[in-house]
Amino acid sequence: MSGKLFRNFSFLSATLSFFLLVGIFAILFTYAQEAMQEFGFDFLLSETWEADEDDEGGIFGGYIPIIGTLLSTLIAMTLAVPLAMGIAIFLTEIASDTIGKPVSIAIELLAAIPSIIYGMWGLFYFAPIVQSVFGGNGVGLLTAGMVLAIMVIPFMAAISRDAMNTTPLVLKESAYAMGATKFEVIKDVIMPYSKGGIIGSIILSLGRALGETMAVAFLIGSVMSIPGSITDPTTSIPVLLANNFAEAQDLEMSSMYFLALILFVVSFIIISVAKFYFLGRKVK
Amino acid sequence: MAKDKLVMEIKDFSFTYSGAEEPSLRKINLPVLKNKITAMIGPSGCGKSTLLRAMNRIHDLYPGNKYEGKINLYKEDGTKENILDLKKENDFIKLRQQVGMIFQKPTPFPMSIFDNVAYGLRLSGTKNKSELEGHVEKALKDAAIWKETKDRLKESALGLSGGQQQRLCIARAVALKPRVILFDEPTSALDPLSTGAIEELITELKKELSIMIVTHNMQQASRLSDYTAFMYLGDLAEYNTTEKIFLNPEKKLTEDYITGRFG
Ligand SMILES: Nc1ncnc2c1ncn2[C@@H]1O[C@H](COP(=O)(O)OP(=O)(O)OP(=O)(O)O)[C@@H](O)[C@H]1O
Ligand SMILES: [Mg+2]
Chain F
0 MSGKLFRNFS
10 FLSATLSFFL
20 LVGIFAILFT
30 YAQEAMQEFG
40 FDFLLSETWE
50 ADEDDEGGIF
60 GGYIPIIGTL
70 LSTLIAMTLA
80 VPLAMGIAIF
90 LTEIASDTIG
100 KPVSIAIELL
110 AAIPSIIYGM
120 WGLFYFAPIV
130 QSVFGGNGVG
140 LLTAGMVLAI
150 MVIPFMAAIS
160 RDAMNTTPLV
170 LKESAYAMGA
180 TKFEVIKDVI
190 MPYSKGGIIG
200 SIILSLGRAL
210 GETMAVAFLI
220 GSVMSIPGSI
230 TDPTTSIPVL
240 LANNFAEAQD
250 LEMSSMYFLA
260 LILFVVSFII
270 ISVAKFYFLG
280 RKVK
Chain B
0 MAKDKLVMEI
10 KDFSFTYSGA
20 EEPSLRKINL
30 PVLKNKITAM
40 IGPSGCGKST
50 LLRAMNRIHD
60 LYPGNKYEGK
70 INLYKEDGTK
80 ENILDLKKEN
90 DFIKLRQQVG
100 MIFQKPTPFP
110 MSIFDNVAYG
120 LRLSGTKNKS
130 ELEGHVEKAL
140 KDAAIWKETK
150 DRLKESALGL
160 SGGQQQRLCI
170 ARAVALKPRV
180 ILFDEPTSAL
190 DPLSTGAIEE
200 LITELKKELS
210 IMIVTHNMQQ
220 ASRLSDYTAF
230 MYLGDLAEYN
240 TTEKIFLNPE
250 KKLTEDYITG
260 RFG
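Heads up: the protein sequence lines correspond to chains F and B, in order.
Note that numbering that gives the first Met the number 0 has the first sequence beginning at 0, numbered continuously upward.
Note that numbering that gives the first Met the number 0 has the second sequence beginning at 0, numbered continuously upward.
You can take every hint at face value.
Pairs of lysine-lysine residues, derived as DSBU-like cross-links and limited to a Cα-Cα distance of at most 30 Å, are as follows: (1) B/Lys87 to F/Lys181; (2) B/Lys65 to F/Lys100; (3) B/Lys86 to B/Lys26; (4) F/Lys181 to B/Lys69; (5) F/Lys186 to B/Lys86.
Stretch by stretch, here's where chain F covers chain B in the computed footprint (C-beta under 8 Å, at least three residues): (6) 53-60; (7) 113-123; (8) 169-183.
It is worth saying that the hints were derived from the structure and are not from the lab.
We put the CB at the ideal spot given by N, CA and C, even for glycine.
Next comes chain F alone, as it looks inside the complex (with noise of 0.2 Å):
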């Protein structure tokens, strides 16, 4: 009897996400109809982001908002990969207990700070290294990137030591036990071994530095032009639609649903076509 309950409900939760997911997209693609049927294709292509005199229409186009968004994730996540998977080999196979313990908690917890204090912190204290090292005026592409990239870290780090240390023991021995260095051991047994949960943490950081609003719109500069330079300020698509929403009207508004749905979309495939490649190809 429980049990028959119990299946229903997970029936119940299960079709719910799914018909959440299809009902955002609804929403957002009919709210997008009106901007979609102005401009078409060439939104994605369009630089202009200006309503008219009287509010009523204007031109809006997409193309710097979702380069923006591209670019800084592009930049996050070029710095994040490598230096998280460096932090979690490091805590699974290099670091002594009274190290790796301490530090182990350290990244939990870095993890867990929301991303406006990531954003505060960015705008006073990291934006002025970043200018006085790369030059530009502190806000920008590169310092919204990097400090991307630092909110995403501890979280990859921390999923991908979780599945380093899913490798058994006895395996990693064999592979010592046949002569393999160190280093020969972590390439060849514990990131393959553990591709899946690495694969994973990088898809979902990625999808979380898509969508970033908070730290990015303190240091992506929030303008509408196009960078001509890794340290210049644009905009992001979260970026934008925060910033707008609450005096945009009619067209612009519509313009705005277009955004939102092509971030939606554009985090969708990549979530799923790096599920389905990735984790579907593994060894079985």
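Since the structure of chain F is provided, determine the placement of chain B with the ligands on it from the hints.
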């Protein structure tokens, strides 16, 4: 017995795990004879694995263990070296290439069957493809698993059955042409048929190399081995030819153990 040559020799060997107060092995003296199978038997916790893991210094993956005494490894030319003197990672690697190890559970690496067997060879510097192929084929044949694997060398080794995986692990060890292979209860996770295949294989292997095997199966020890060491609570209680140990042991303790009166 006098004509048999030594390949390894354990002398007054004591071992204490990191943080343990009492040694797990006390003053062990045990020869390992060339081209012979030496079985190690004894109740659980008596130190069989501990001794085996000292013989290729796998213990050294973990810090803080204490050794005393000597474990000599004899080279082809008759000279010997005390493996407890080794300090550098490079020396451990050379030792482990000469003294291979097979574990209780099969441990195929998450890669193809071919790459599993080629693994040790690649580590030790063999790059040439046709040379690798030749060695891999030979090792798989030596481990009596060539027929089952020759058409699926590129497939993941994790798709093999438990018994096949264990023979693959043996092939992987054999490919390095070690002088000694240490087996720690290699069949305790396998069905009788696979066990039979592995036993046959081990008997075949002794033509080429020397074998030390830990087992809880008295029939296996008596069927397979030439010499038997009986361990008890960290001591080597009795060592002799397998025939003598099983038919006419010197100690009451040994007799009680092999007749199943305890343990
Ligand atoms: N990593 C370790 N640290 C501390 N003590 C250990 C460790 N491993 C084993 N021991 C102890 O050393 C003794 C010998 O253990 P060992 O594993 O060698 O026994 P064994 O004869 O192989 O037993 P089994 O037949 O159950 O495999 C036991 O008392 C055990 O508790
Ligand atoms: Mg054991």
